[in-house]
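A.B. asks: Single-letter residue listing:
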Amino acid sequence: AQTVTQSQPEMSVQEAETVTLSCTYDTSESNYYLFWYKQPPSRQMILVIRQEAYKQQNATENRFSVNFQKAAKSFSLKISDSQLGDTAMYFCAFMKRNSGGSNYKLTFGKGTLLTVNP
Amino acid sequence: DTAVSQTPKYLVTQMGNDKSIKCEQNLGHDTMYWYKQDSKKFLKIMFSYNNKELIINETVPNRFSPKSPDKAHLNLHINSLELGDSAVYFCASSQAGATQYFGPGTRLLVL
Numbered sequence: 029a030q031t032v033t034q035s036q037p038e039m040s041v042q043e044a045e046t047v048t049l050s051c052t053y054d055t056s057e058s059n060y061y062l063f064w065y066k067q068p069p070s071r072q073m074i075l076v077i078r079q080e081a082y083k084q085q086n087a088t089e090n091r092f093s094v095n096f097q098k099a100a101k102s103f104s105l106k107i108s109d110s111q112l113g114d115t116a117m118y119f120c121a122f123m124k125r126n127s128g129g130s131n132y133k134l135t136f137g138k139g140t141l142l143t144v145n146p
Numbered sequence: 136d137t138a139v140s141q142t143p144k145y146l147v148t149q150m151g152n153d154k155s156i157k158c159e160q161n162l163g164h165d166t167m168y169w170y171k172q173d174s175k176k177f178l179k180i181m182f183s184y185n186n187k188e189l190i191i192n193e194t195v196p197n198r199f200s201p202k203s204p205d206k207a208h209l210n211l212h213i214n215s216l217e218l219g220d221s222a223v224y225f226c227a228s229s230q231a232g233a234t235q236y237f238g239p240g241t242r243l244l245v246l
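From first to last, the protein sequence lines stand for chains V and S. Using the working numbering, the first residue of the first sequence is number 29, and each one after it goes up by one. Using the working numbering, the first residue of the second sequence is number 136, and each one after it goes up by one.
In isolation and in its complexed conformation, chain V is listed as follows (with noise of 0.2 Å):
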């Protein structure tokens, strides 16, 4: 079974500034894809950024950037020039990738408060 980790549950940062979430995992699979979501105050659940385990460049989304490290199972996610808006919770998740089947479910992280101040 996979798990993932996220050992901050709360940090802040000031406005613009940048900071760094991170995340482990652990798996015995090869195969597989990341996914950081965040959920702002509304409770929407929010795509932010996706990784695919077999690419070795690491995702950037505008603002949003991962770190992925295959071999450290490890997966941080960097929010430069932070805004207001990106108050929220950020949860770290984990798919299995199949080859045929459709058992597909994400494992989540407990998730990290991340409050961006003025």
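Simulated from the structure, these hints should not be mistaken for laboratory data. Quick caveat: nothing in here was measured; it's all calculated off a predicted structure. It is possible that some hints are incorrect.
[Claimed, not checked] Example chain S residues on the side facing chain V (calculated, C-beta under 7 Å, incomplete):
#1 Lys176
#2 Leu178
#3 Ile180
#4 Ile191
#5 Gly219
#6 Phe237
#7 Pro239
Every residue gets a Cβ at the ideal spot worked out from N, C-alpha and C, and that includes glycine.
For this one, chain V is given, so just place chain S on it according to the hints.
C.D. replies: Leaving out everything else, chain S in the frame of chain V:
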């Protein structure tokens, strides 16, 4: 247009009642899911359906019964509600193993 919608958004009910939550997606996806988020914000898969076929059933009490009338809909019926069922329930959809897109969630409070 909303991609994944759920109704209702809030549900307050008494212990022992039966209730349903509906989910619809207009993304043309073939796989739909139910996740439960507990009071500590932990999210866990409950069920998934692929082309109306049940694929995942994660040790959920049989008081919970999902139903998928077609690929665009996945409903969750809960019998004999208990206090511990209070949570936020999220529906999600994806095209096979691609990214999952979530609905707005249904907050269920059992009194």
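A.B. asks: Indicate, hint by hint, whether the structure satisfies it.
C.D. replies: Each hint tested on the structure:
1. Lys176: holds, 5 Å
2. Leu178: Given a least distance of 4 Å, the restraint on S/Leu178 holds.
3. Ile180: Nearest chain V Cβ about 4 Å off; hint holds.
4. Ile191: For S/Ile191, the interface hint holds, since the closest Cβ of chain V sits about 6 Å away, which is under 7 Å.
5. Gly219: violated, 19 Å
6. Phe237: holds, 4 Å
7. Pro239: holds, 6 Å
Going down the numbered hints, you'll see the structure goes against just number 5.
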